[in-house]
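Undergrad: One-letter residues, chain by chain:
Number of protein chains: 2
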Amino acid sequence: MTAAAADPAPYYRAHVFACTNARPEGHPRGSCARRGSEKLRNYMKARAKELKIEGVRINNAGCLDRCELGPVMVVYPEGIWYAVRTFADVDEILQTHLIDGGRVERLMLRPEETEREQIAGRVGEAAE
Amino acid sequence: MTAAAADPAPYYRAHVFACTNARPEGHPRGSCARRGSEKLRNYMKARAKELKIEGVRINNAGCLDRCELGPVMVVYPEGIWYAVRTFADVDEILQTHLIDGGRVERLMLRPEETEREQIAGRVGEAAE
Numbered sequence: 082m083t084a085a086a087a088d089p090a091p092y093y094r095a096h097v098f099a100c101t102n103a104r105p106e107g108h109p110r111g112s113c114a115r116r117g118s119e120k121l122r123n124y125m126k127a128r129a130k131e132l133k134i135e136g137v138r139i140n141n142a143g144c145l146d147r148c149e150l151g152p153v154m155v156v157y158p159e160g161i162w163y164a165v166r167t168f169a170d171v172d173e174i175l176q177t178h179l180i181d182g183g184r185v186e187r188l189m190l191r192p193e194e195t196e197r198e199q200i201a202g203r204v205g206e207a208a209e
Numbered sequence: 082m083t084a085a086a087a088d089p090a091p092y093y094r095a096h097v098f099a100c101t102n103a104r105p106e107g108h109p110r111g112s113c114a115r116r117g118s119e120k121l122r123n124y125m126k127a128r129a130k131e132l133k134i135e136g137v138r139i140n141n142a143g144c145l146d147r148c149e150l151g152p153v154m155v156v157y158p159e160g161i162w163y164a165v166r167t168f169a170d171v172d173e174i175l176q177t178h179l180i181d182g183g184r185v186e187r188l189m190l191r192p193e194e195t196e197r198e199q200i201a202g203r204v205g206e207a208a209e
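Protein chains in written order, with my numbering: chain A, 82 to 209; chain B, 82 to 209.
The hints are simulated quantities; they were obtained by calculation from the structure and are not laboratory data. This structure is a prediction, so every number in the text was calculated from the model and none was measured. Where hints are given, some of them may not hold.
Which copy is meant is left open, because identical chains are indistinguishable; a pair holds if it fits in one copy or across any two.
[Unchecked claim] Derived EDC-like pairs (lysine to aspartate or glutamate); straight-line CA-CA distance at most 16 Å:
1. K120 - D172
2. K126 - E173
3. K126 - D146
In isolation and in its complexed conformation, chain A is listed as follows:
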């Protein structure tokens, strides 16, 4: 769906939604919350504030339905999805994407990716 010419200006320059959905232990899809998404989102929100990045908002969200790849975040209006494992990943997204307007290629999800194994080589596993 494309923007109409008369649409109002964006309310946020960048609007980040971090999945913080939790599923019970042992669920076959896993869940972002069980992989530490809330801690990552809280860190991102706090760091964005400390860095005084203007025009951005870092929200939690319900299940984004890419659980197998989680913790996942999506940045709108660009619609760029990231698999985020560590605070260092968050720092890189803040600097490279939200401040510099670029992309963190190694953490980006492609539409066709549905399995954790497809991104494991790029993304690595959480350190903390």
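Fit chain B to the supplied structure of chain A, relying on the hints for placement.
TA: Frame of chain A, contents of chain B only:
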């Protein structure tokens, strides 16, 4: 922030986030949850499924910080914000925006709007 040429195709054609944040009774800003946002979001999700609208997702989200205008929803990647009061409002957004690709002008929020009074004439109050 604009899309880069090499960005992946969107994962969802339209991604709706409905604020379902709750604040205690009597909070000066009010909250979307206290004005029935969860019921509206659940209805929207169920109706989108019944209508078999493809490529859309209807998520709940934490505080979108436009509490005074709530219940609010935002549709990305367009970044169109709506004040939603009734199931009929939801039906209209589903049909006019998500199916037909248009805009429900009477429910749209503009970036400069911050007070409930500014939209009251257009939006009306919830019937249920």
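Undergrad: It remains to establish, for every hint, whether it holds in the given structure.
TA: Status of the hints after comparison with the structure:
no. : hint        : result
1   : K120 - D172 : within (13 Å within a copy, 36 Å between copies)
2   : K126 - E173 : within (14 Å within a copy, 34 Å between copies)
3   : K126 - D146 : between (22 Å within a copy, 14 Å between copies)
The structure fails none of the hints (numbered hints given earlier).
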